[in-house]
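> If you want the building blocks of each chain, they are given just below.
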Amino acid sequence: MKISDYIEQSFANLWKKKLRTFLTTFGVVIGIGALVSMISFGKGVQKNVTDEFNKLELFNYISVSTSSSPRENHADPDQQTSAEDEYLAPALVFDKKTRESESNILDDTFIQEVTSLKGVEYAFPEIRFPAMIRFKGKEEFSLIQVLPAYVTDLMELRAGEAYASNDTNSLIISDSMLRRMRIKNYEEVIGQQVELSTLTLDFSIFNLVNIASGISHAAHFFIRGGKDPNGTRAERLPFSTRSYTFTIVGVAERMGFGGALPLRSDVYVPPGPSQRMEKLLLTSIWDFFQPPGKIQGYSSVSVKLSSAKYVEPVKKKIQDWGFKTFALIDQLEEMKKAFIFMDMFLFAVGMIAIVVASLGIINTMVMSILERYKEIGIAKAVGASDRDVKKIFFFETGVIGFFGGIFGLILGWMVSMLINLIINSFATRQGAPYVNYFSFPWWLCLGAIGFSIFVSLAAGIYPTIRAARVDPVIALRHD
Amino acid sequence: MDSTNFIETEDLTKIYSMGRIEVVALKDVNLSVKQGEFLGVTGPSGSGKSTLMNLLGGLDTPSDGRIKVEGKFISDLNKEELALYRRYQVGMIFQSFNIISSYTALENVAFPLLFAEVAKKERNSRSEQMLTKVGLHHRKEHLPSELSGGEQQRVAIARALINQPKILLADEPTGNLDSKTSRQIVQTLSDLNKNQGLTVIMISHEESLLAEFADNIIRLFDGRVVGQENQ
Numbered sequence: 013m014k015i016s017d018y019i020e021q022s023f024a025n026l027w028k029k030k031l032r033t034f035l036t037t038f039g040v041v042i043g044i045g046a047l048v049s050m051i052s053f054g055k056g057v058q059k060n061v062t063d064e065f066n067k068l069e070l071f072n073y074i075s076v077s078t079s080s081s082p083r084e085n086h087a088d089p090d091q092q093t094s095a096e097d098e099y100l101a102p103a104l105v106f107d108k109k110t111r112e113s114e115s116n117i118l119d120d121t122f123i124q125e126v127t128s129l130k131g132v133e134y135a136f137p138e139i140r141f142p143a144m145i146r147f148k149g150k151e152e153f154s155l156i157q158v159l160p161a162y163v164t165d166l167m168e169l170r171a172g173e174a175y176a177s178n179d180t181n182s183l184i185i186s187d188s189m190l191r192r193m194r195i196k197n198y199e200e201v202i203g204q205q206v207e208l209s210t211l212t213l214d215f216s217i218f219n220l221v222n223i224a225s226g227i228s229h230a231a232h233f234f235i236r237g238g239k240d241p242n243g244t245r246a247e248r249l250p251f252s253t254r255s256y257t258f259t260i261v262g263v264a265e266r267m268g269f270g271g272a273l274p275l276r277s278d279v280y281v282p283p284g285p286s287q288r289m290e291k292l293l294l295t296s297i298w299d300f301f302q303p304p305g306k307i308q309g310y311s312s313v314s315v316k317l318s319s320a321k322y323v324e325p326v327k328k329k330i331q332d333w334g335f336k337t338f339a340l341i342d343q344l345e346e347m348k349k350a351f352i353f354m355d356m357f358l359f360a361v362g363m364i365a366i367v368v369a370s371l372g373i374i375n376t377m378v379m380s381i382l383e384r385y386k387e388i389g390i391a392k393a394v395g396a397s398d399r400d401v402k403k404i405f406f407f408e409t410g411v412i413g414f415f416g417g418i419f420g421l422i423l424g425w426m427v428s429m430l431i432n433l434i435i436n437s438f439a440t441r442q443g444a445p446y447v448n449y450f451s452f453p454w455w456l457c458l459g460a461i462g463f464s465i466f467v468s469l470a471a472g473i474y475p476t477i478r479a480a481r482v483d484p485v486i487a488l489r490h491d
Numbered sequence: 002m003d004s005t006n007f008i009e010t011e012d013l014t015k016i017y018s019m020g021r022i023e024v025v026a027l028k029d030v031n032l033s034v035k036q037g038e039f040l041g042v043t044g045p046s047g048s049g050k051s052t053l054m055n056l057l058g059g060l061d062t063p064s065d066g067r068i069k070v071e072g073k074f075i076s077d078l079n080k081e082e083l084a085l086y087r088r089y090q091v092g093m094i095f096q097s098f099n100i101i102s103s104y105t106a107l108e109n110v111a112f113p114l115l116f117a118e119v120a121k122k123e124r125n126s127r128s129e130q131m132l133t134k135v136g137l138h139h140r141k142e143h144l145p146s147e148l149s150g151g152e153q154q155r156v157a158i159a160r161a162l163i164n165q166p167k168i169l170l171a172d173e174p175t176g177n178l179d180s181k182t183s184r185q186i187v188q189t190l191s192d193l194n195k196n197q198g199l200t201v202i203m204i205s206h207e208e209s210l211l212a213e214f215a216d217n218i219i220r221l222f223d224g225r226v227v228g229q230e231n232q
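Each protein sequence line maps, in turn, to chains A and B.
Here the first sequence is numbered in our numbering, starting from 13 and rising by one per residue.
Here the second sequence is numbered in our numbering, starting from 2 and rising by one per residue.
Errors might be hidden in some of the hints.
Claimed, not checked - Computed cross-link-like contacts, PhoX-like style, restricted to lysine-lysine with a CA-CA straight-line distance of at most 25 Å:
id : chain 1 : residue 1 : chain 2 : residue 2
1  : B       : Lys181    : A       : Lys28
2  : A       : Lys67     : A       : Lys55
3  : A       : Lys29     : B       : Lys141
4  : B       : Lys141    : A       : Lys14
5  : B       : Lys122    : A       : Lys14
6  : A       : Lys28     : A       : Lys402
7  : B       : Lys181    : A       : Lys386
8  : A       : Lys402    : B       : Lys121
In short, the hints are calculated from the structure, not lab data.
Since we're looking at a predicted model, the values are computed, not measured.
Based on the provided sequences and hints, a complete structural model is requested.
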């Protein structure tokens with residue numbers, strides 16, 4: 013028989029039992045749909061991660077931190093500035109030998125030195141501090157990140173533009189922060205004023221008296237019982253607030269996956285005004301235990317390389333200077349392993365549905381053979397070989413697999429899109445950016461159809477062998 | 002074996018094993034058929050007539066003995082070769098017609114051409130011609146359930162002849178037909194035998210029909226040839 017005849021016969025034979033064919037194919041559709049959804053989810057997550065990393069050139073970053081006690085290494089840029097004369101000015105005249113011989117501090121000298129290395133585009137300190145953001149009568153707490161103007165090109169801006177100078181009272185706010193404030197029109201916030209309130213330590217006499225009074229009240233009410241009528245606990249702590257006004261110049265898209273290196277905030281301000289602000293960094297609890305003026309250097313510095321090929325030599329150099337480094341590219345192999353395990357797990361879950369569908373195919377084909385027992389005998393009597401009979405049934409299972417694959421792919425895509433829609437509708441309400449959690453690369457689409465045909469043919473092996481073994485003498489007597 | 006014979010069997014034996022019990026369906030059958038001969042085979046039920054037909058048609062293989070057709074021992078052929086033998090050299094018709102109930106008359110006639118890898122267009126034209134020959138062209142789109150017994154058997158004859166075989170084996174072709182239709186069917190077979198030189202071997206209980214149309218008749222009893230008559 014010609015292949016076209018096998019296909020035509022298969023369609024004709026399957027069409028005769030429409031309901032059974034539909035139900036069997038539907039089983040395959042569900043199996044392939046489940047498998048495709050699972051794999052596309054795994055691939056979607058991988059694609060999102062790698063695309064995000066590649067887009068932001070995160071494999072080109074090295075995060076540098078000090079290897080000594082954290083007590084010595086967390087800095088306020090203001091204090092940094094104020095302490096420069098005392099601690100850092102001599103180090104500005106940089107000399108490698110001097111650096112290697114001194115205690116390791118991440119300071120501006122380090123930034124100058126690392127920037128001079130081959131392959132390094134720029135380096136900047138990672139500084140974040142807490143602040144209350146007040147805008148249009150709403151308040152939101154957030155960590156403000158100090159970001160030099162030349163790094164702002166990493167951001168995806170939804171409205172406005174990045175600040176052009178490091179010394180302007182401008183800020184960039186994330187879309188998720190605005191959504192939390194119930195602001196949907198990003199364009200309208202551009203050029204508007206926003207107030208940032210920072211916390212500072214306050215050991216003034218007045219405040220100490222206030223604290224003592226608070227403790228006295230607390231003791232009084234603790235002994236007598238009842239509620240403290242005198243204000244909040246914050247008033248009894250050695251803090252005071254400072255307010256600063258900034259102009260919103262841009263609205264940035266919140267980075268997915270927690271905003272991997274080096275943008276991890278909802279509000280970005282340039283270094284200039286940041287240095288003039290009184291604030292607590294609070295990047296570590298150890299900051300509270302630092303005597304004034306003893307905080308030196310930055311907690312960490314991000315180093316941007318022009319290409320991932322410079323990661324190893326630059327990293328080695330920085331390590332030689334006694335600093336700790338972290339490069340995302342080092343995690344790539346581990347990530348790949350994790351993705352493989354995730355793929356295997358999702359594939360195994362999807363395969364359960366495929367196995368069930370295969371049993372459906374076997375059942376259908378065996379039923380079909382029993383029903384067409386006489387027909388097989390007639391086919392053999394008029395000259396069909398065992399191979400011809402096998403092929404007839406193989407093509408029928410192949411057709412089931414083909415359509416199961418196509419419609420399974422469509423079902424998998426539709427279910428994935430629906431899940432994606434539901435997850436994103438919840439996530440975006442919480443301020444998270446829209447993420448496509450499913451990916452349908454071409455090889456998955458073709459592979460799903462191919463795999464469906466393969467599984468169907470495999471399921472058809474037993475029935476086709478059984479069909480080929482039909483004894484024509486017995487079959488022709490069969491009613 | 003005589004080389005002038007078209008079909009020849011030598012000590013043809015078929016034994017069916019049913020567990021420990023062995024049933025001898027045919028025992029040492031020797032027969033010879035000339036090309037263009039109309040051979041009638043008769044005998045009571047269980048005498049081995051259908052077994053002989055299945056062996057000659059290549060549907061079954063002998064337990065012992067040999068079958069020679071057109072100078073070739075078909076008893077030595079493997080499964081694939083036997084399929085080719087059934088496809089091109091022999092056509093078979095049966096008492097119960099054995100046409101596919103879900104196929105139209107035309108599709109049933111064209112069915113063997115599928116395995117001969119004949120193009121669809123040619124399949125249809127040859128099948129229509131064959132249906133015309135058996136007088137059923139006007140019924141080509143009808144399903145077997147819409148045809149009479151005689152018409153169904155003529156569809157079966159058309160199907161058996163579609164690959165232009167040299168041998169036609171008919172296993173009780175009139176068994177399910179009335180006497181008038183039976184006579185018409187056997188007449189059709191006789192015409193094919195006389196006009197086209199088709200070698201026909203027909204099994205029948207109706208000895209009068211065989212006596213009228215067959216050149217020779219053999220009688221089977223308990224798997225053995227117990228009589229042979231030349232007409």
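> Each hint: holds or not?
Verification of the hints:
1. B/Lys181 / A/Lys28: violated (36 Å)
2. A/Lys67 / A/Lys55: Holds: A/Lys67 and A/Lys55 sit about 17 Å apart, inside 25 Å.
3. A/Lys29 / B/Lys141: This hinted pair holds, its Cα atoms lying about 23 Å apart.
4. B/Lys141 / A/Lys14: holds (24 Å)
5. B/Lys122 / A/Lys14: With Cα atoms ~13 Å apart, B/Lys122 and A/Lys14 stay inside 25 Å; holds.
6. A/Lys28 / A/Lys402: holds (19 Å)
7. B/Lys181 / A/Lys386: The given pair, whose Cα atoms are some 28 Å apart, is violated under the 25 Å limit.
8. A/Lys402 / B/Lys121: Holds, at roughly 21 Å.
Checked against the numbered hints given earlier, this structure breaks hints 1 and 7; the rest are met.
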